[in-house]
Structure formats: structure tokens, C-alpha cells
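Protein sequence lines correspond, in order, to chains L and E. The first sequence begins at 284 in this note's numbering and counts up one residue at a time. The second sequence begins at 284 in this note's numbering and counts up one residue at a time.
If you are wondering where the hints come from, they were derived from the structure by calculation, not from laboratory data. Treat each hint with caution, since some may be false.
Because identical chains cannot be distinguished in the list, a pair is counted as satisfied if it fits within a single copy or across any two copies.
Claimed, not checked - Straight line, CA to CA, 20 Å or less: simulated DMTMM-like cross-link-like pairs of lysine to aspartate or glutamate: (1) 365 - 311; (2) 383 - 477; (3) 473 - 296; (4) 473 - 403; (5) 473 - 405; (6) 306 - 403; (7) 435 - 481; (8) 375 - 441; (9) 365 - 464; (10) 474 - 354; (11) 404 - 376; (12) 404 - 464; (13) 306 - 368; (14) 365 - 423; (15) 431 - 353; (16) 474 - 437; (17) 383 - 311; (18) 401 - 296; (19) 372 - 405; (20) 340 - 300; (21) 404 - 310; (22) 473 - 441; (23) 383 - 296.
There are 2 protein chains.
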Amino acid sequence: MAGKTKKSYHHGDLYNELFSAGKSLLEESGIHNLSLRNLAQTIGVSHNAPYRHFKDKAALMTAIADSGFEELTAAFLKIIKKYPDNPIKQFKELGLAYLKLAIQNPETTDLMFGGFTKKEKDWLAQPNQSSHASFQLLVDVIENGQAKGLFKIENPLECAIVAWSSMHGLAILITSGFLHDIATSRIQIKKLGERLTELLLLGIQA
Amino acid sequence: MAGKTKKSYHHGDLYNELFSAGKSLLEESGIHNLSLRNLAQTIGVSHNAPYRHFKDKAALMTAIADSGFEELTAAFLKIIKKYPDNPIKQFKELGLAYLKLAIQNPETTDLMFGGFTKKEKDWLAQPNQSSHASFQLLVDVIENGQAKGLFKIENPLECAIVAWSSMHGLAILITSGFLHDIATSRIQIKKLGERLTELLLLGIQA
DNA sequence: ACCTGAACACCGTTCAAGT
DNA sequence: ACCTGAACACCGTTCAAGT
Chain L
284 MAGKTKKSYH
294 HGDLYNELFS
304 AGKSLLEESG
314 IHNLSLRNLA
324 QTIGVSHNAP
334 YRHFKDKAAL
344 MTAIADSGFE
354 ELTAAFLKII
364 KKYPDNPIKQ
374 FKELGLAYLK
384 LAIQNPETTD
394 LMFGGFTKKE
404 KDWLAQPNQS
414 SHASFQLLVD
424 VIENGQAKGL
434 FKIENPLECA
444 IVAWSSMHGL
454 AILITSGFLH
464 DIATSRIQIK
474 KLGERLTELL
484 LLGIQA
Chain E
284 MAGKTKKSYH
294 HGDLYNELFS
304 AGKSLLEESG
314 IHNLSLRNLA
324 QTIGVSHNAP
334 YRHFKDKAAL
344 MTAIADSGFE
354 ELTAAFLKII
364 KKYPDNPIKQ
374 FKELGLAYLK
384 LAIQNPETTD
394 LMFGGFTKKE
404 KDWLAQPNQS
414 SHASFQLLVD
424 VIENGQAKGL
434 FKIENPLECA
444 IVAWSSMHGL
454 AILITSGFLH
464 DIATSRIQIK
474 KLGERLTELL
484 LLGIQA
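When you get a sec, could you build the whole thing from the sequences and use the hints?
This is the structure we're talking about:
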């Protein structure tokens with residue numbers, strides 16, 4: 284908070300600096316090229332200092348992933364407030380915002396969905412607290428649309444899962460380069476998000 | 284091919300053994316815990332022998348990712364042949380098969396979509412040859428359904444992208460544990476795949 | 001041609017020590 | 001409490017050498 288230029292022995296704001304420089308380095312270099320040692324050196328601190336603030340590398344990664352969900356929640360809230368009493372518009376904009384954030388921060392998005400953790404055979408054993416808020420906002424919008432008689436779905440949860448899946452999958456297809464030879468212009472790619480939200484709404488709207 | 288028990292100095296089938304043991308280790312331990320050294324030791328060969336067969340670690344990962352796409356293509360072909368002249372059934376089964384494979388081999392799937400490669404800002408510059416065949420099969424099915432007047436879509440490519448995105452996203456949501464507290468039983472999870480294909484068909488069918 | 005062993009420049013993590 | 005330096009057990013990769 285106070286952080287001006289206190290560059291003596293005690294750093295002062297090392298936690299936050301590790302976090303933000305970590306997130307930058309992550310998006311620049313990818314998860315495989317981000318090392319705690321490199322990060323520490325970039326900040327100008329010994330390779331061991333981070334351990335006073337994060338238990339291990341996984342803890343830093345988790346913190347970054349959590350912040351991704353928080354960013355998402357903030358973006359969702361902003362949209363919901365911008366279009367009050369308009370679930371259709373809210374639903375559409377939520378999808379596009381998700382896509383935008385995921386494409387802008389592909390490595391963070393990867394982390395949010397287990398990019399660092401080993402995938403367990405038993406997925407039922409992996410909770411993910413920080414992701415609940417953003418997901419719940421989507422569910423709320425859908426339930427609201429249902430209550431207003433705008434959506435003809437019977438299961439808002441299922442509907443939210445399907446919508447989230449679609450947007451997430453599209454973001455990955457785009458950032459992975461899978462669509463390289465298929466949708467070659469960025470304009471086409473932007474259109475894909477809109478078409479997908481339209482198609483989802485088509486299956487949802489009354 | 285001849286590979287019986289030739290366990291002297293020259294290994295004989297090291298390439299294939301590296302590949303298959305590598306794929307097993309990958310799915311068991313996750314990408315971050317798979318090391319070439321560990322792999323070499325498992326097979327019983329010096330930590331350096333792999334370099335005679337794979338240029339580097341990335342080459343092995345690429346080979347595994349490619350095999351994932353080949354497996355997918357094989358599964359797709361089998362389905363298409365099983366339900367000839369029935370694009371609707373084909374479309375449905377393709378989706379479910381994709382989901383099944385992705386959930387069974389989450390780490391390989393991750394690799395197929397850039398899990399090892401750093402995500403480039405310019406996605407337009409990342410070709411992915413081996414993925415074309417499987418994707419094209421899906422496009423073919425959709426075009427076939429279109430020609431038969433069963434599907435009311437105007438752009439088969441766009442439709443294929445949307446369908447692929449949805450299934451891929453759902454697979455990731457499942458294997459990442461994101462749905463942990465949301466869809467808690469495997470039965471519900473299996474249903475999600477079916478519901479998603481139904482919804483997609485709803486937006487597609489004439 | 002195929003494999004090994006030593007070597008190099010990196011990792012994450014721990015531990016005793018400094019301020 | 002916060003940071004440093006040495007140390008340990010790992011990595012990927014290269015190079016000279018062995019079969």
C-alpha cells in the first residue's frame with residue numbers, strides 16, 4: 284500500500300511484488316519457463332526470499348489462479364450491474380467477457396483449470412473455492428431469466444455448466460492454435476464468440 | 284515389430300518403448316512430474332539414450348499429442364462407419380466419444396491443446412497438422428447432414444468449431460475438478476455430455 | 001548406429017546463519 | 001520477522017567416449 288522506494292534489506296511489499304511480477308512472467312514465458320529463482324532474481328531478491336511468503340511454487344500458482352477467478356467475478360458483477368433486469372443481455376455479455384479474459388490471460392486461465400496440478404482420476408476430490416463466486420453469478424443470471432419467463436430451461440445449473448463449457452472450450456481452441464488454419468482472421472475469431480452466445484441463447488430463450 | 288526379449292546393449296525397440304512408457308507415465312504422474320531421466324530409468328536405459336530417438340523432451344510430447352489426435356481420428360472413423368447415412372446419430376456419438384477419450388486421457392488431451400508449448404500471443408502462427416484429420420471428419424458429418432436436409436445450419440465449419448469447443452470445455456471442467464461441488468456424482472457427469480449433445484443438436488437440426 | 005558417463009547450467013526446497 | 005548463502009537432490013541437454 285505505502286510502497287514507494289524502500290529498497291533496503293527488508294523489502295516491505297515482497298508478497299505483492301512476487302505475485303504481480305509472477306503473473307507477468309507467467310503470461311510472458313509460460314508456466315514451464317517460470318521459475319521461482321528467475322522470479323526472485325527479476326525482483327532483485329535472493330532465490331530463497333519467496334519462501335517467506337509462499338509455502339512453495341504451487342502456493343504462488345494457486346494465488347495467481349485464485350486472482351483469475353476474482354478478476355472474472357469482478358467483470359461479471361460489472362456487467363450484471365450495467366444491464367439490470369436484462370438477463371438476456373447479461374448472459375450474452377458474460378460469455379463475451381469470459382472469452383476476452385481467457386484469451387488475454389491464457390496461462391492464468393490454464394492455471395485456473397488445473398494447469399499446474401496433476402489431474403486426478405477422481406475429480407470429485409478437488410474442490411475449488413475461489414471459482415464458486417463467478418460461477419454462481421452466471422447461475423443467478425440464468426435463474427433470473429427463468430423467473431422472468433425469458434428462458435425456457437428447467438435446470439439452471441446444467442445450463443450454466445453447458446454455457447461455461449462452451450466458452451471455455453472456445454477460448455482454448457483459440458489460444459492453443461487449433462483453429463490456425465480454420466479460422467484465420469481475428470475478425471472471424473471474434474465472430475465465433477458472438478455466434479456461440481447466439482446459439483446458446485437460441486437453445487435457452489423462450 | 285520383431286521385439287521379443289533382446290535386452291542386451293542394443294535395445295532394439297527403444298523408440299516405441301519410450302513412447303508408450305512415456306504416455307503411461309504422463310497420465311500417471313502429470314506433465315510436471317514426467318522427466319526424461321525418470322522415464323529412461325524406468326525403461327532401464329541411460330538417461331541419455333532417449334536423445335538418439337527424440338530431439339528433446341518437446342519432441343516426445345509432440346509425438347504423444349499427435350497420437351492422441353490419431354486415436355481420436357480412429358474412434359471417429361469407427362463411429363461414422365457404424366452408423367452410415369445417419370448424420371444425427373454420428374454427430375451425437377462423435378461428441379460422446381470425444382468426451383470419453385478426453386476424460387480418460389486428460390494429460391494427453393492437455394498436450395494436444397498446447398499444454399507443453401508456451402501459448403503464443405499470435406495464435407495464427409501455430410499450425411497443428413495432426414489435428415486436421417479428426418476435425419475434418421466432424422465437418423464431413425455436418426456437411427453430410429446439411430446435404431441430406433437434416434441440419435439447418437449455413438456454415439458447417441463454424442458449427443464444427445462450436446461443437447468441438449463445447450465438448451472440449453466440458454471435458455476440462457470435469458477433469459479439472461471445477462464441477463466438484465456442482466455435479467457430484469459420475470452419473471450426473473455422464474448425463475451432462477448427453478444433455479450437451481442434445482442441446483447442440485437442438486440448435487442444428489432442421 | 002546406438003548407448004554410456006561425465007559435465008554444465010539450471011531447477012525446487014531445506015537449513016543454518018546473518019540483519 | 002525477514003532475508004541470505006551453502007547445500008541437496010533433482011532436471012534437460014551436450015559432448016566425448018565406448019560397443
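Here is how each hint holds up against the structure:
{"no.": "1", "hint": "365 - 311", "result": "neither (32 Å within a copy, 46 Å between copies)"}
{"no.": "2", "hint": "383 - 477", "result": "within (12 Å within a copy, 28 Å between copies)"}
{"no.": "3", "hint": "473 - 296", "result": "neither (39 Å within a copy, 47 Å between copies)"}
{"no.": "4", "hint": "473 - 403", "result": "between (34 Å within a copy, 17 Å between copies)"}
{"no.": "5", "hint": "473 - 405", "result": "between (35 Å within a copy, 14 Å between copies)"}
{"no.": "6", "hint": "306 - 403", "result": "between (25 Å within a copy, 16 Å between copies)"}
{"no.": "7", "hint": "435 - 481", "result": "both (15 Å within a copy, 15 Å between copies)"}
{"no.": "8", "hint": "375 - 441", "result": "both (17 Å within a copy, 18 Å between copies)"}
{"no.": "9", "hint": "365 - 464", "result": "neither (37 Å within a copy, 29 Å between copies)"}
{"no.": "10", "hint": "474 - 354", "result": "neither (24 Å within a copy, 31 Å between copies)"}
{"no.": "11", "hint": "404 - 376", "result": "neither (34 Å within a copy, 23 Å between copies)"}
{"no.": "12", "hint": "404 - 464", "result": "between (33 Å within a copy, 16 Å between copies)"}
{"no.": "13", "hint": "306 - 368", "result": "neither (36 Å within a copy, 51 Å between copies)"}
{"no.": "14", "hint": "365 - 423", "result": "within (15 Å within a copy, 42 Å between copies)"}
{"no.": "15", "hint": "431 - 353", "result": "neither (28 Å within a copy, 47 Å between copies)"}
{"no.": "16", "hint": "474 - 437", "result": "between (29 Å within a copy, 15 Å between copies)"}
{"no.": "17", "hint": "383 - 311", "result": "within (17 Å within a copy, 33 Å between copies)"}
{"no.": "18", "hint": "401 - 296", "result": "neither (31 Å within a copy, 29 Å between copies)"}
{"no.": "19", "hint": "372 - 405", "result": "neither (37 Å within a copy, 30 Å between copies)"}
{"no.": "20", "hint": "340 - 300", "result": "within (15 Å within a copy, 32 Å between copies)"}
{"no.": "21", "hint": "404 - 310", "result": "between (28 Å within a copy, 9 Å between copies)"}
{"no.": "22", "hint": "473 - 441", "result": "between (26 Å within a copy, 12 Å between copies)"}
{"no.": "23", "hint": "383 - 296", "result": "neither (30 Å within a copy, 47 Å between copies)"}
Against the hints set out earlier in the document, violations occur for numbers 1, 3, 9, 10, 11, 13, 15, 18, 19 and 23.
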